[in-house]
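Number of protein chains: 2
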Amino acid sequence: MAWATNVLVGQSGGPTAVINASLAGVFESSKSLGIHHVYGMQYGIEGLLKGKMVELDSYLDDKMQIELLKRTPSSYLGSCRYKLPDPDVDERPFQKLFALFAEHSIGAVFYIGGNDSMDTISKLARYGAAKNSEIRFIGVPKTIDNDLMFTDHTPGYGSAAKYIATILKEVICDSSVYDIRSVTVAEIMGRHTGWLAGAASLAKGSDCDGPDIILLPERTFDENAFLNRVAELEKTRHNLIIAVSEGVKNRDGVFLCDLVSTAGQLDAFGHKAILSGTSRYLADLIRVRLGCKTRAIEFSTLQRCASHLASRTDITEAYQVGGAAVEAAARGETGKMCAIKRLSDLPYLITTETVDVDKVANLEKKVPDEWISADGMHMTEAFEQYARPLIQAELTPIYINGVPRHIHLD
Amino acid sequence: MAWATNVLVGQSGGPTAVINASLAGVFESSKSLGIHHVYGMQYGIEGLLKGKMVELDSYLDDKMQIELLKRTPSSYLGSCRYKLPDPDVDERPFQKLFALFAEHSIGAVFYIGGNDSMDTISKLARYGAAKNSEIRFIGVPKTIDNDLMFTDHTPGYGSAAKYIATILKEVICDSSVYDIRSVTVAEIMGRHTGWLAGAASLAKGSDCDGPDIILLPERTFDENAFLNRVAELEKTRHNLIIAVSEGVKNRDGVFLCDLVSTAGQLDAFGHKAILSGTSRYLADLIRVRLGCKTRAIEFSTLQRCASHLASRTDITEAYQVGGAAVEAAARGETGKMCAIKRLSDLPYLITTETVDVDKVANLEKKVPDEWISADGMHMTEAFEQYARPLIQAELTPIYINGVPRHIHLD
Chain A
1 MAWATNVLVG QSGGPTAVIN ASLAGVFESS KSLGIHHVYG MQYGIEGLLK
51 GKMVELDSYL DDKMQIELLK RTPSSYLGSC RYKLPDPDVD ERPFQKLFAL
101 FAEHSIGAVF YIGGNDSMDT ISKLARYGAA KNSEIRFIGV PKTIDNDLMF
151 TDHTPGYGSA AKYIATILKE VICDSSVYDI RSVTVAEIMG RHTGWLAGAA
201 SLAKGSDCDG PDIILLPERT FDENAFLNRV AELEKTRHNL IIAVSEGVKN
251 RDGVFLCDLV STAGQLDAFG HKAILSGTSR YLADLIRVRL GCKTRAIEFS
301 TLQRCASHLA SRTDITEAYQ VGGAAVEAAA RGETGKMCAI KRLSDLPYLI
351 TTETVDVDKV ANLEKKVPDE WISADGMHMT EAFEQYARPL IQAELTPIYI
401 NGVPRHIHLD
Chain B
1 MAWATNVLVG QSGGPTAVIN ASLAGVFESS KSLGIHHVYG MQYGIEGLLK
51 GKMVELDSYL DDKMQIELLK RTPSSYLGSC RYKLPDPDVD ERPFQKLFAL
101 FAEHSIGAVF YIGGNDSMDT ISKLARYGAA KNSEIRFIGV PKTIDNDLMF
151 TDHTPGYGSA AKYIATILKE VICDSSVYDI RSVTVAEIMG RHTGWLAGAA
201 SLAKGSDCDG PDIILLPERT FDENAFLNRV AELEKTRHNL IIAVSEGVKN
251 RDGVFLCDLV STAGQLDAFG HKAILSGTSR YLADLIRVRL GCKTRAIEFS
301 TLQRCASHLA SRTDITEAYQ VGGAAVEAAA RGETGKMCAI KRLSDLPYLI
351 TTETVDVDKV ANLEKKVPDE WISADGMHMT EAFEQYARPL IQAELTPIYI
401 NGVPRHIHLD
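Taken in order, these protein sequences are the chains called A and B. With the working numbering applied, the first sequence corresponds to residues 1 to 410, in that order. With the working numbering applied, the second sequence corresponds to residues 1 to 410, in that order.
No lab work stands behind these hints, which were simulated from the structure alone. Do not take every clue at face value.
Identical chains blur together in the list; that is why a pair holds if it fits in one copy or across any two.
[What the hints assert, rightly or not] Listed below are the simulated DSS-like cross-link pairs for lysine-lysine, each with C-alpha atoms no more than 25 Å apart in a straight line:
(1) K83 x K52
(2) K52 x K235
(3) K50 x K235
(4) K83 x K293
(5) K366 x K204
(6) K293 x K52
(7) K235 x K365
(8) K204 x K235
(9) K131 x K96
(10) K293 x K359
(11) K366 x K63
(12) K235 x K131
(13) K341 x K235
(14) K83 x K341
Chain A with its partners taken away, still in its complex shape:
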């Protein structure tokens, strides 16, 4: 008898540009290992609890579908932000899920996601073990935030980093177009960690100085030190570029963006205004205190969905961890996450390994101290050595009628 008749795969949390490449990896590896049907949960475990499942075999039955899937941003299967209860406290969702698994002869469940998704895998595996279930539960890492422990990096991060570095480089070109002094503040995602803001440093090359200042949530914002640094840089540079993580806080532990939105402002309808605004806050601060022309740019949701600018390294690795997760299940592993292990920087080489999902779930990996410059306002070369390989190479979109072609579940 084969290791499993059918398998089930889901996607969870915020999407990335390459989360569908992991789905492609799970699908193709399952098929190559003799799996009969690959089912997909729609809208993650939350959708599955409502019985939303689809048999993927007919949707992904030729190689062109797989190529389009690798180039389609967002979650092909839909996603959710849903945390299962502790099975010891509330067994009901688990009973429902395991009944569904049995009904569809599911031998392995793969869940592509971040910390919360690893928590889901952990609870399913724990419940399964308690019930002597043969089903294997394997997590596939995914997050642009790169904040998962016990993996060198997460699929999704490289593409977000490549997007950030590339468009910052273009914004830097744009910022020097007029013969006037200016400060541009670019706001980058990352509520708790500075991996994405740090990627702004990758804009640097022999044709570009990169950002002048990078602010990360790992360092407390010191207004005086910051303004002094800006004033100092302005003595030698015409156009300053500052990259700031949305999650930077002051010494009172308050997000800079909340300093704006708690100023009692109302929107045009008399409601409290929603002013996303770490970059807006800093641009205002510099304008008011240093009397300089400033502009704020938010890099927005494109950071997680710009598949037209994905890193080929990232796409390849996302596919690989999907495949390696299936192989781990075939070997009989369960309650594991398939991680990336770096073998060397130069040449850049990785392999995959499995780690205990309980170790990963609900933890958060910060940018190490030694990768942040001594003044806390830039990255060191060690960070570049880590991050630069992750943004290498491209996977050309398939352009039809002038725009990239995607694939969707009907």
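Assemble chain B onto chain A, guided by the hints.
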């Protein structure tokens, strides 16, 4: 004797992803027509008045530099927003400029820009004629806004349109990831015309429905009609996408973004808040009035500098009009703009022609009525027939170390 010993070229106004391709066209055509030196004004006519000139020959002396120039966003020579006075009122800047032209044996001046730049060419040509100067003055059209008269379209528009259509398509993928109702409002550049917002319709294809509503400055915003339309669409769709031009006004002639910023809000420093916010205004309006989850996204300055996603058609045409401008000067024309004339839609064919620059200067081309749907909230097929050819094909960036390589004047 050759038609000119040396020529001078400048760039003006807001940059585009392809304004440097026009510079490349001017440079290479001049060289092929026997010009000795090609000079560049730094920071446009304003920089030139301060004596800022550079001899380009040594900077662009091999084909790789030209290829990089075509792929570098923003203005290689720097730009300005500067309007020359009427020569009949104040002759002094013209005396200064023509002295510089004589000093450097300049036989022709090319100015790459929009309406204001054509005004500059017009005044220089008028002054030159009055002084019996032999110097030829030719304008090269450029603007992402596509609002110049007497040219089928402007170089720069196609790339901005391709960027808008592509990233909107990716945002649409992202917007449906969760199983909840939502409205996404994307804010697109265009203070006075809806050419760019209209380009959002190009996201549509067999794999994407495109935006559900498009609002242009050519139509007065009618709050009730808009909310009724949103409510109607919500009956059949889970996730609505609205593209709005930043320049949409209400029936009182007030920009929607000013309805936000005149609400008496102060920033965190007690100054009047700068809330760019047509999309924010509409997102708030829908949230408050229809009780729906909304988000606002500004497409930002990337619309004019995303050369990594430029349209190859646009780059080629930008280069062509630069070259055609040089040929027009060589024929002895002056006071002209080099325009694009469309010969057919299918196959898409264009040629270049010269038009009197006085006809172009200071005018603004609106989106024609018949290209806007009857309800004023979408585009017709005739618009797509016009715009689709302009976003065709790509010019792959030269990626080095994972990011596109650019070229800069030292």
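Tested hints:
1. For the identical chains of this complex, K83 and K52 are intra-copy neighbours only, at 17 Å inside a copy versus 62 Å across copies, given an alpha-carbon limit of 25 Å.
2. Taking the shortest alpha-carbon separations for K52 and K235, only the inter-copy value of 22 Å comes in at or below 25 Å, while the best intra-copy value is 60 Å.
3. In this assembly of identical chains, K50 and K235 lie within 25 Å of each other by CA distance solely across copies; the values are 22 Å between and 61 Å within a copy.
4. In this assembly of identical chains, the alpha carbons of K83 and K293 lie at most 25 Å apart only when taken from different copies (21 Å versus 45 Å within one copy).
5. Proximity of K366 to K204 under the C-alpha cut-off of 25 Å is restricted to the intra-copy arrangement: shortest distance 23 Å within a copy versus 40 Å between copies.
6. Taking the closest pair of Cα atoms, K293 and K52 come within 25 Å of each other only across two copies (23 Å); inside a single copy the shortest separation is 52 Å, beyond that limit.
7. Proximity of K235 to K365 under the C-alpha cut-off of 25 Å is found in neither arrangement, the shortest distances being 37 Å within a copy and 43 Å between copies.
8. In this assembly of identical chains, K204 and K235 lie within 25 Å of each other by CA distance solely inside one copy; the values are 21 Å within and 48 Å between copies.
9. Taking the shortest Cα distances, K131 and K96 sit within 25 Å of each other inside one copy (14 Å), while across copies they are farther apart (90 Å).
10. Proximity of K293 and K359 under a CA criterion of 25 Å is satisfied in neither setting, with 48 Å inside one chain copy and 35 Å between copies.
11. Neither within a single protomer nor between protomers do K366 and K63 lie at most 25 Å apart by alpha-carbon distance, with minima of 38 Å and 45 Å respectively.
12. Taking the closest pair of Cα atoms, K235 and K131 never come within 25 Å of each other, the shortest separation being 68 Å inside a single copy and 44 Å across copies.
13. In this homomeric assembly, K341 and K235 never come within 25 Å of each other (Cα to Cα): the closest approach is 44 Å inside a single copy and 48 Å across copies.
14. In the homo-oligomer, the alpha carbons of K83 and K341 never lie at most 25 Å apart, since the shortest distance is 28 Å inside one protomer and 59 Å across protomers.
Of the numbered hints stated above, those contradicted by the structure are hints 7, 10, 11, 12, 13 and 14, listed in ascending order.
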